[in-house]
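**Student:** Construct the complete structure from the given sequences, taking the supplied hints into account.
Position 263 (the first sequence) corresponds to 343 in this note's numbering; numbering is contiguous.
Just so you know, these hints were derived from the structure itself, not from any lab. By construction, the Cβ of each residue, glycine as well, lies at the ideal position given by its N, Cα and C atoms. Possibly wrong hints are sitting among the right ones.
The calculated BS3-like cross-link candidates involving lysine-lysine, where the alpha carbons are at most 30 Å apart (straight line), are [what the hints assert, rightly or not]: (1) Lys-146 with Lys-165; (2) Lys-193 with Lys-361; (3) Lys-135 with Lys-146.
Okay, the calculated beta carbon distance ranges per label pair [claimed, not checked]: (4) Pro-189 with Gly-506: 50 to 60 Å; (5) Gly-166 with Asp-415: 29 to 39 Å; (6) Ala-340 with Arg-478: 15 to 25 Å; (7) Ala-487 with Pro-189: 21 to 31 Å; (8) Arg-389 with Glu-198: 37 to 47 Å.
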Amino acid sequence: MATRIALVLAGQEPVGSRITVEGWIRTRRDSKAGLSFLALHDGSGHEALQVVAPKELANYESEVLKITTGCAVRATGELVASQGKGQTVELRADTVEVVGWVDDPDTYPMQPKRHTMEYLREVAHLRPRTNVIGAVTRVRHALAQAVHRFFHERGFFWIHTPIITASDAEGAGQMFRVSTLDAANPPRTPAGGVDWDKDFFGREAHLTVSGQLNVETYCLAMSKVYTFGPTFRAENSNTRRHLAEFWMIEPEIAFADLAADAQLAEDFLKSIFTALLDERKDDMAFFEKFVDAGCRKRLAAMIETKFTRMDYTEAVAILEKSGEKFEFPVKWGMDLQSEHERYLTEKVVNGPIVVVNYPKDIKAFYMRLNDDERTVAAMDILAPGIGEIIGGSQREERLDVLDRRIAEMHLDAKGYWWYRDLRRYGTVPHAGFGLGFERAIQYATGIENIRDVIPYPRAPRQAEF
RNA sequence: UCCGGAGUAGCUCAGUGGUAGAGCAGGCGGCUGUUAACCGCCGGGUCGGGGGUUCGAAACCCUCCUCCGGAGCCA
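**Tutor:** Next comes the structure, spelled out in structure tokens:
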């Protein structure tokens, strides 16, 4: 059985032991001294293992000298101290087996050189063989594990909220329709409209835009819960921060107010980034060197600093007094624009900010109305370089106020009957937030385009793979 | 969706009206316990698609497509 290369390089196998490794070739270099050097990667870590193939190998002329970038190889031999510089140990092979050849080396898309991220997106099936996507993949995994660990250790339960939802009223943007009807010739009602009663669910159905409403019900039973799964938005967003399919983390806590929610969010971010810095030193060093020189410092600073709390009203006042020329002038009652968020995080505080108590008219119906009757107990956590990374709120637990808000926003109360029931049967103050998982990865790594931190990005006109 | 930018060799790019180039990659040879090695030679192009201007278009004009950045929407 093959040994993982990361473990070999970490010193788990003593020099002198006989091991087998399996992976894909990055480069081959030949020496006329009668040996070839193979840089072998198996994805287990950032570094490659140098395999030394001597000309005495039976298949040296016939195969080893024909190995090109991308070939799959199994090599067995003795782990020895390296005679060359650049690595401490290497594998002196006594067998090198080519498990899979590269069909046409001339057009193999992955060359041993730096490719642009745009190009790599066009070969999404092969890009995990690169340093940068390999590193992203390991970081993504480490963060996902850290997310589950954080919640598990604090007594949260992971709730698998549905992907398909029949309540078309989640109110968080355009939704993808889920239907088995013949799109070209759907059944019609007498009035001529599409007869959704004939569809699979007997009603209109969509992909979820948020697990929040569903997870709230479990919150009011299990006390501390969270979702972590895919989310879908059919918005025609063409930016480096948006995807049509992305993963979202949404914790929900009972008997809790906005302050507790903000504290949870702060602890959460610090926890997962601490784990990342600890577990993926190799990859973070790579990002620091080749992608974003400030990424490790930024995370370290965030972990150490207490997040600044700022009232929305105060933030607007600061922006108004800043003397800064904004494309969109600041005014109480409007949402903060990207340029405003950037000014606050980068110029005013130079770190993460929790902005709380937004005007009710720019926030969702379920957010708890404050006593001033003009703001709600909402929060956004803004981070330098990425803007809003977390959005959350205390939820409206008073049925009469909730109904008033539903009516104000011209929503149909009937569609929320089960959500309203929570306010009738043992309602409690509760709160939660949502974190876009990919944005957290962007923040941590400095990868500029969100399409490069998810294996197969889904965006307008992009679903090739 | 709006604004701006870009599509030339497998990849990264140069080429602003007169016979399509470089580096890397690939093939062949040389050299070396090598490090995305180095040196020499060779092969490789509907210049994104369509239409137009011109004696002549990769270049100028129109149009469509694709990608990137910014904005909006948001996570």
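**Student:** Each of the hints needs a verdict: does it hold here or not?
**Tutor:** Outcome of the hint check:
no., hint, verdict
1, Lys-146 with Lys-165, "holds (25 Å)"
2, Lys-193 with Lys-361, "holds (23 Å)"
3, Lys-135 with Lys-146, "holds (13 Å)"
4, Pro-189 with Gly-506: 50 to 60 Å, "holds (58 Å)"
5, Gly-166 with Asp-415: 29 to 39 Å, "violated (52 Å)"
6, Ala-340 with Arg-478: 15 to 25 Å, "holds (18 Å)"
7, Ala-487 with Pro-189: 21 to 31 Å, "violated (57 Å)"
8, Arg-389 with Glu-198: 37 to 47 Å, "holds (39 Å)"
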